[in-house]
Amino acid sequence: MLNKITGHEVDRRLLLKGAAAGGLGIAGATMLAGCAPAASGPMSFGARTVDESPTKQLEALVAAYTAKSGNEVTYNATESNAFQNNLSQYLQGTPDDCFQWMAGYRMQFFADQGLLEDVSDVWDDIGSQYSESYKIASTGLDGKQYFVPQSWYPWGLHFRKSMMEEIGLAATDVYNWDDMLGALKELKGQGLIGLAAADKGGWEAQGTFDILNARINGYQFHVDLLGGREKWTDDRVKEVFRHWEMLLPYQNTNVLDLEWDGAMQLLLQKQSGFFMMGSWFGGNFLEQSQEDYDDLMIIPFPEINADHGRDTVDAPLDGFCVAANGGNSGVGKDFIKFAGDMEGVQAMLDTDVPMTSANNGQDKSSYDAFQEAQQAVMDEAKYITQFLDRDTRPDFAGPIVGPAFQSWFKDPSSTNDILESLQSQWDALAPL
Amino acid sequence: MNSSTTLDPAPKKAPKAKRRRSFSKRDRLTLGIFIGIPTFLHVALVWFPAAATIYLSFTYWTGIHIGDIQWAGLANYENIFFNTPIFWDALRVNVVWLIWFGAIATPLGILLAYQIDREIRGSKFYQAAYYLPVVLSLAVIGVIWNFLLRPDGLVNGLLGLEISEAVSFFGDDRYNIWVILTMASWRHIGYIMLLYLAGLKAVDASLREASSIDGATEWQSFRKVVFPTMKPVNIIVIVITIIESLRAFDLIYIIYGSSGGLPILGVLVFQNIAGEGASMKGAAYAVILFMLSIVPIITYLRAQFKEDVK
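Taken in sequence, the protein lines are chains C and L.
According to the numbering used here, the first sequence is numbered sequentially starting from 21.
According to the numbering used here, the second sequence is numbered sequentially starting from -1.
Looking at chain L on its own, in the form it has when it is part of the complex (with noise of 0.2 Å):
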């Protein structure tokens, strides 16, 4: 915090700009290092491919040769939405798997946390289970769900089901999308937690006493004194749970590969954009996912900042 309060060339704050003395040049030229490097690699790594992206969207190239980039307009876009069923049917699973993550899982993380917070016996046992989950990477869990699940999977055998008479967890619309936010929300539920539970530590623990002396009931106490007090990790919670849910790719692509047996948007961008059929239709995918995850990140945390400033 410091060193940026250095830094700051806002000149109208009087008492700071006096702070602004001059550096020698040995600082200059370690700042000029420390700074210059992070952010050449960021604009490099992230600023570049991103517009790069957003540019390749408009084109239609093969992507091997780079004369080969013919100007498309908006004819992938248009392709998108007027003409690709799977689109829609991506868009709706993603949705889908963001109420569910918002009204559901995160919740449950939240509820979870709360109840570890008061410490009831075998707190950190409950603690230690809820968080197993998380140190796995989607992927993993993807491989260790589709062991269970598939057809000639755990489950089924259990179940005494041959191959042709096994449930199809993962093949049939009435639940595999169920089956597959089960299987996410395992472990985004324990990260909810962890992250919540950190929050809930370092809330006074007088607040909530005063509340309860006030005659506030648990709900109340929560709902009016914990819960806005706790309004950064308030903010982190919900971006990650946006974030997570349109980002969704690994879990997918594991047990389903880019056959789109259950289409989502970040499959949809690999299926267009890897192997023999790469087009740039898959940059547009990847620009309409990238909208859709920062407009209302965006505007949700202007609108938090804002009253922050009031």
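So that you can see chain C by itself, here it is in the shape it has in the complex (with noise of 0.2 Å):
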């Protein structure tokens, strides 16, 4: 970690970090001197991933920047939870100049500390490719844009269509919430699982959660709830949970002991039914074959509330920023400008990866089935939030509301007693 430091101030302040960390001799501190290696080229890229198919996608865009500019471009990965547990002193060292990261609240937080560049004259030449929406979530909090979008991907009932095809069961007429517990005590009747679940990682029931309450309770409630501005005790919170209750009995048993890709598998090997997850998972079902990716379908979660419908819908963006600490941001900015305009985006597009880009300049008529159903669910909501982890404080959402929702699989008698927790500790919380 040391050969990182290179001002005397960002010396004291990695030091004072660091001893917070590991001062007391906790091992895992070491982990967070895991940074990528230092810039060797003329501007260096960081990637967010080690995964096969999005390493694919992202090799083939820097191929295509060097191929243009001439400009080499050094390629650092870093495991998508090791990347995130070590942004902030990633961005405080010497980080790469360009770097895979996620829009919202956990792009404004570090916009904020002065850690990202302002990328606002990059929009001013390929902003007319994107929609209103993606401006908005790609701006900090002064207005300017330190975020350049990829892909964005839609939350919604995953299923298989040879596998319902063989049950009988219609899984696209299911609309609303009745429809979906008759279809998953059909599935129950099977001997199937109705919906595969998960929370060992502490991320993947958010999603449930998201949606739950956007359905019960609305866009604004739930924006307005992860924002402080409404309280966790409120009845309408334990309404969510009341519904999430009548989940349980068709859930696999060992939500506690999988985690994203354990679920995944089970919907994978047709042991279960429906499969609550973002879409981004169906790259995973291409590795496997494509039979599997081109079996994989997506509906909207279903309606509960008829006033809300089915109007909002997690479709997280995910995307490049630009870091102020690096060796290069001139050619950082000139690559986050390329990666948003169309030929960057066509090049990682020839990959065959499926990608569903946040350009509009994308040709959706070359979408397959899956992604023109992925279309149809960012198309029927009104309302799009990032993800329960992304739309609040991260202070709150890694580590107190993940543990209080896997207390609350162990327990779902307690709600109150873990809803009243969830007050007390968000009043808690350390003054912005």
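If you're looking for bench data, these hints aren't it; they were derived computationally from the structure.
Small disclaimer: the values here were computed from a predicted structure and weren't measured.
Which stretches of chain C does chain L cover? Using the computed rule of at least three CB atoms under 8 Å from a CB of chain L, they are:
hint, region
1, 218 to 230
2, 274 to 280
3, 286 to 294
4, 440 to 448
Covered stretches of chain C, going by a simulated chain L footprint (3 or more residues, C-beta under 8 Å):
hint, region
5, 103 to 114
6, 423 to 432
Even for Gly, the Cβ is constructed at its ideal location relative to N, Cα and C.
Grab the two chains, each in its own frame, and use the hints to assemble them into the complex.
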């Protein structure tokens, strides 16, 4: 870690931060030091993934940029959790010039700390290729843009067409809550799991909470709750958990022993009818086989309260930022512009790794059936949310909401206690 | 030992003070470097971060700009003690861990050492077998056992269970802590065994012989003769047992990540200090963990040394 320190001030900061984490000999603090190697070419790019499909995509983007501009790009990949845990150290040290990140609160926080480069001028050039809502999601608290979107994906109910056909269930007709419970009952009757669920990672179940809350109480309440303007102890939140409890009998029982990929296996192996997840895992199905991928389908989470219909969807936006402390932020900005421009997007699409680009220029007529279904889920929604851990304070989502939902799975009858505790933990958060 | 007695500045002990002759310049320089550099490194890398952590635990800070540090008084501690149920869950796991190590794993290691020391047939084989896990880090042990016990792992595979029916070794509160403790003990027992074995080898065989001639049973001779002669090793073993139980981190982190599936203080420190969720609540957790480890150890060591002085 020490060789990454450049200036004196950074040195003190890093030491203090490192001190807080590692001072008392917590072995894991060494993980903080797992930074990506320093830039060696004219610019470097930091990928937030080591998975096969997205890596293929990003490497194609980098290669296309090098071919066009002649600038050599060093490609550094870090596993996504490690990258996230390390981000503030990374950005204060000698980060890659351009790196992969997420829109919304998670970007705004770092922009606010002066760690991201203002890319408003890039938006002046390529902004016309994006819809207004994506621009808003890319904008920091000061009204400037700090982010260029790459792709989006909706959260929804995924299922396998062939499996539903065999059972004789018209899954696409599942429109409201009663339809859903009926379908789940049918699946259970066949000896199958209705809804594959996981929460070992602490974040997976947050998607189910988001959508239940938005369906029952509407977009505004959901956003206000996550922003701290409504209370967790509100009866409306209890209603969310009352509905969630109705789903439990149809879920696999080892929710806390499975991470998202374990639950995905349940769907892949046709042990489970539905799987509530972000559509990004389609790439994993494709890695299995084209046949598995073609069998995959998504529908919006059903309507519960007719007042709100199916008007909200969690559709996180992934993309790129330019680091303020990078060695060559000029080239970084040039790169991010290329990545956001249709030319760069096309380079990624040409890899044939499925991607729903945020760029309006992507030829939607070339969408496959699964991508069309994702688009339909998006089109039906009026309001787009990012995801619980992107829409609320990070010191609340990770360390507090995650374990709270996990303990709810252990004892669903403790809803009231858990909600009271969530509220009091929110109230006790450090002032911003 | 010699050099420290020569350096002893206490002039009260008259005979030793005589030996405090003047050093040549060269000696001073050498000593200065030999002591100065390690002291500097120690202060810079251990004491400074520790003091900074203690200070930061009384502040609000996101860990980025020094200027943003705000004094918070006891707020972080208040938050942990009164508002954070997971703290008490984690403390419970750490305490169970400590009791398990103290009452089961450590005594088992001592028992194994004692058996092997008697050079029963194949003792070399047992020694190697029990010691083998110690060469692995807890992180590696976590990876190995995770591979065996996860829902799509070897054990559930051999039992012929599908993922959905798999025994929930890590997710079910009824047994996850015992699974973890078994994994941790697998290594801890071998560690204690080796330490104790080294100590036993140093016990004069004639002591044991004498006690058996006096008609002491095996247990009596261990309890009354061998155990007390092993006092220095016993102290090390106790201190190690306390430290290993409280600092537990890697094993849990490998299996659960920082999600809190089985909360433990070490992971709470990390979860609250790393990543985007950084707050000085993590520093406060670290201080609590530090106090929990240091207080019993200091108390115990002081009592021991007082006895020695007598």
